[in-house]
Amino acid sequence: MMEIRTPKTHKAKRVLEKRAPKLVENGKKTLILHGTKTSATVSSVLMELYRLKKGGAIKYSRRNANIRPFESGGETSLEFFSQKTDCSIFVYGSHTKKRPDNLVLGRMYDHHVYDLIEVGIENFKSLLSFSYDKKIAPHEGSKPFICFTGEGFENVPELKQLKEVLTDLFRGEVVENLNLTGLDRAYVCTAISPTKVFLTHCAIKLKKSGTIVPRIELVEVGPSMDLVIRRNRLPNEGLRKEAMKSSKDKPKKKLKNVDQNDVLGKLGRIYIPDQEVGKIPLADKSKGVKRERREGKLKKDKEEGSASKKLKESE
Amino acid sequence: MDMETDQIYQIDVGNLLAFNPNHRFPSAPSSREELVKECVTEGTKLVQAIADTLFNFPSTETNDGPLVQLPPPTTKLPREKHLPRPKPPTKWEEFALKKGIQKRKKDKIVYDETTDKFKRRHGYDRVNDDNDIPIIEAKASDEPGEDPFAKRLDDKKKRVGKQEKNRLQNLKTAAKAGALPSHVQLAVTALPISGTKTQPQKLGKEALGDVAGLAATSTASGGKFDKKLPGEKPPKKQGKHHKYLPVLPRYGEVDEEKEQTNKVLSKLLSKHSHEILNVGKAIDMYNDKKEKKKSGRSDKLKAKKDITKKKPYANKAK
Numbered sequence: 001m002m003e004i005r006t007p008k009t010h011k012a013k014r015v016l017e018k019r020a021p022k023l024v025e026n027g028k029k030t031l032i033l034h035g036t037k038t039s040a041t042v043s044s045v046l047m048e049l050y051r052l053k054k055g056g057a058i059k060y061s062r063r064n065a066n067i068r069p070f071e072s073g074g075e076t077s078l079e080f081f082s083q084k085t086d087c088s089i090f091v092y093g094s095h096t097k098k099r100p101d102n103l104v105l106g107r108m109y110d111h112h113v114y115d116l117i118e119v120g121i122e123n124f125k126s127l128l129s130f131s132y133d134k135k136i137a138p139h140e141g142s143k144p145f146i147c148f149t150g151e152g153f154e155n156v157p158e159l160k161q162l163k164e165v166l167t168d169l170f171r172g173e174v175v176e177n178l179n180l181t182g183l184d185r186a187y188v189c190t191a192i193s194p195t196k197v198f199l200t201h202c203a204i205k206l207k208k209s210g211t212i213v214p215r216i217e218l219v220e221v222g223p224s225m226d227l228v229i230r231r232n233r234l235p236n237e238g239l240r241k242e243a244m245k246s247s248k249d250k251p252k253k254k255l256k257n258v259d260q261n262d263v264l265g266k267l268g269r270i271y272i273p274d275q276e277v278g279k280i281p282l283a284d285k286s287k288g289v290k291r292e293r294r295e296g297k298l299k300k301d302k303e304e305g306s307a308s309k310k311l312k313e314s315e
Numbered sequence: 001m002d003m004e005t006d007q008i009y010q011i012d013v014g015n016l017l018a019f020n021p022n023h024r025f026p027s028a029p030s031s032r033e034e035l036v037k038e039c040v041t042e043g044t045k046l047v048q049a050i051a052d053t054l055f056n057f058p059s060t061e062t063n064d065g066p067l068v069q070l071p072p073p074t075t076k077l078p079r080e081k082h083l084p085r086p087k088p089p090t091k092w093e094e095f096a097l098k099k100g101i102q103k104r105k106k107d108k109i110v111y112d113e114t115t116d117k118f119k120r121r122h123g124y125d126r127v128n129d130d131n132d133i134p135i136i137e138a139k140a141s142d143e144p145g146e147d148p149f150a151k152r153l154d155d156k157k158k159r160v161g162k163q164e165k166n167r168l169q170n171l172k173t174a175a176k177a178g179a180l181p182s183h184v185q186l187a188v189t190a191l192p193i194s195g196t197k198t199q200p201q202k203l204g205k206e207a208l209g210d211v212a213g214l215a216a217t218s219t220a221s222g223g224k225f226d227k228k229l230p231g232e233k234p235p236k237k238q239g240k241h242h243k244y245l246p247v248l249p250r251y252g253e254v255d256e257e258k259e260q261t262n263k264v265l266s267k268l269l270s271k272h273s274h275e276i277l278n279v280g281k282a283i284d285m286y287n288d289k290k291e292k293k294k295s296g297r298s299d300k301l302k303a304k305k306d307i308t309k310k311k312p313y314a315n316k317a318k
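If you read the protein sequences in the order shown, they are chains A and B. The letter at position 240 of the first sequence is residue 240 when you use the working numbering, and the numbering goes up by one with no holes. The letter at position 157 of the second sequence is residue 157 when you use the working numbering, and the numbering goes up by one with no holes.
Please note: incorrect hints may appear among the correct ones.
Unchecked claim - Far from chain A, by Cβ distances over 10 Å, these chain B residues were calculated: (1) 43; (2) 48; (3) 106; (4) 127; (5) 231; (6) 276.
What the hints assert, rightly or not - Short, incomplete list of chain A residues facing chain B, as computed with Cβ under 10 Å: (7) 5; (8) 132; (9) 164; (10) 270; (11) 273.
These aren't lab readings, by the way, just hints derived from the structure by calculation. All residues carry an ideal CB built from backbone N, CA and C; glycine is no exception.
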């Protein structure tokens, strides 16, 4: 026995339609949560990340003991939260003796874990420790510049994955029209070794230069930290192919059996299947339809008509 | 963008992303500050490179500032949800396709022949309203005792039920193909699996209230002085529950009160009326009662009255 359930309010319907799979997707939302134990660094990192991504992030304040992203059963809670909050990136912070100041960045596809990367935080400097002119402070929700420096990002597979994840995390919404006065922040990531990345958040100062293009100056404002690559999990090939598919990917259908000829113009080729004469089904031989019968009847009517005429004439 | 040496940056303007793959730290940086400084300078160069392309785009002036059109991003990132799957055609759509039936747009206002006016097609005071028909002419095929108005209502109910069934079927096939519309959910209400215990039914609000009421009546005071939880409603029907049958039966319905009394009467006056009474059982019950009375109702649980004990406050003078 099945029952159709539809939302009873228009607002609920709009929310469901917003969360439905679409051709052009909304910006990815981030879920920030922490595990059983967090150190001061981890909790401040999570808080500052939430502040940077305000508007596109949801932060859970409770401890989550049953989430272990790298274990097979430990992702069910994460997937449930992802479903409930419609978030497809998550940042999970924890602190253990074996993995101090740990951060797991993960992405979801269809609310199932797609890929994971675990980093350790070192040399963390909080936003509050930076002193700068408050006028250049970046506004909330502005689209950031993202810069990567270092050959590691191209050669080392873990750093390549980290680059992709950080781009996804910091990107925000994909916009078509951009207001040039609203560009005020940049994230700078440098690969200082094959396992270490230095990440910092800067505000942009636009200075006058001779041309239309202003001279850019970056001032460090936000949190800065060293990320040390620990574990990672790449998406499996099939899933990756499916996730990377976009609607414009369909290969153009090759038009077959059509030729363009300069002399004759457009030529087409027609293939006629082999006619097996013996196997052709016989015609409809139902009684009244047969031609002989029809013609016979016509003749008879004519004869009768002429016969009656003759009779009349004879009389 | 080419810079002094052969450094080519990979720039994705749509994402405001720049990547410099050719940077190498000249030597182990001496201090942390030096490292940070170098990173920031490299970052500045990259942002400058993006800004060079960005500010050269044709911009439109608005109140908030110059607006530029960003090109679509070039770096491919994985989607967060699957591509929407094509909906399988419904039964009607398949039929219409086969027969070549085109969709026709219907007008909201339709001309009504009976009253020469324009009326709306759906809603209040509509064309061809089922309830407005005063006379239904009898056809030769009609049975004599049938109510044609009731029949019309019945037919409509059947049609609506059939339509609902078809709608459910269409949604089921769509769900199978993974293309259920986003605002619809198909919920399983009961699982009739043979051979296993049926799923325990989830009690609704009213059922829970009924059960709570029932449980309350089992208390010593019959649930009257029970502490009520915040938001708990008072019990619905208090006292004895009687079902009174209607005195005058509804049109076309059986007279239930008459039927009730007739049933009892027929049983008493029937041929087998002597079989109604189980004589053996009646005798046993009577004997049991008599014995109990004889033994003086000696329940062990009943406390025997002790006449030697003084009653409290018996001699208090007032």
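message: Does residue 276/B clear chain A by more than 10 Å, comparing its Cβ with all Cβ atoms of that chain?
response: Non-interface label on residue 276/B holds, nearest chain A Cβ at 42 Å vs cutoff 10 Å.
- prompt: Against chain B, is residue 270/A within 10 Å by beta-carbon distance?
  reply: For residue 270/A, the interface hint is violated, since the closest Cβ of chain B sits about 26 Å away, which is over 10 Å.
query: Regarding the assertion that residue 48/B does not contact chain A, is the least Cβ-Cβ distance greater than 10 Å?
result: violated, 5 Å
- prompt: Is the interface hint for residue 5/A satisfied, with its Cβ closer than 10 Å to some Cβ of chain B?
  reply: With a closest approach of 4 Å, the residue 5/A hint holds.
task: Grab the minimum beta-carbon distance between residue 127/B and chain A and tell me whether it stays above 10 Å.
output: holds, 28 Å
message: Quick check on residue 164/A please, does its C-beta sit within 10 Å of some C-beta on chain B?
response: Status holds, d = 7 Å.
Chain B contact restraint for residue 273/A - C-beta distance below 10 Å: Hint violated; residue 273/A Cβ to chain B Cβ min 25 Å, cut 10 Å.
- prompt: Should the label of residue 231/B as a non-interface residue stand, given a Cβ cut-off of 10 Å to chain A?
  reply: It holds; residue 231/B is separated from chain A by about 22 Å at its closest Cβ, greater than 10 Å.
message: Does residue 43/B clear chain A by more than 10 Å, comparing its Cβ with all Cβ atoms of that chain?
response: violated, 3 Å
field: Per-residue hint verdict: residue 132/A, partner chain B, C-beta under 10 Å
entry: violated, 13 Å
field: Distance rule for residue 106/B, whose beta carbon must clear each one in chain A by more than 10 Å
entry: Nearest chain A Cβ is 23 Å from residue 106/B, so the label holds.
Consistency note: the structure conflicts with the earlier hints numbered 1, 2, 8, 10, 11.
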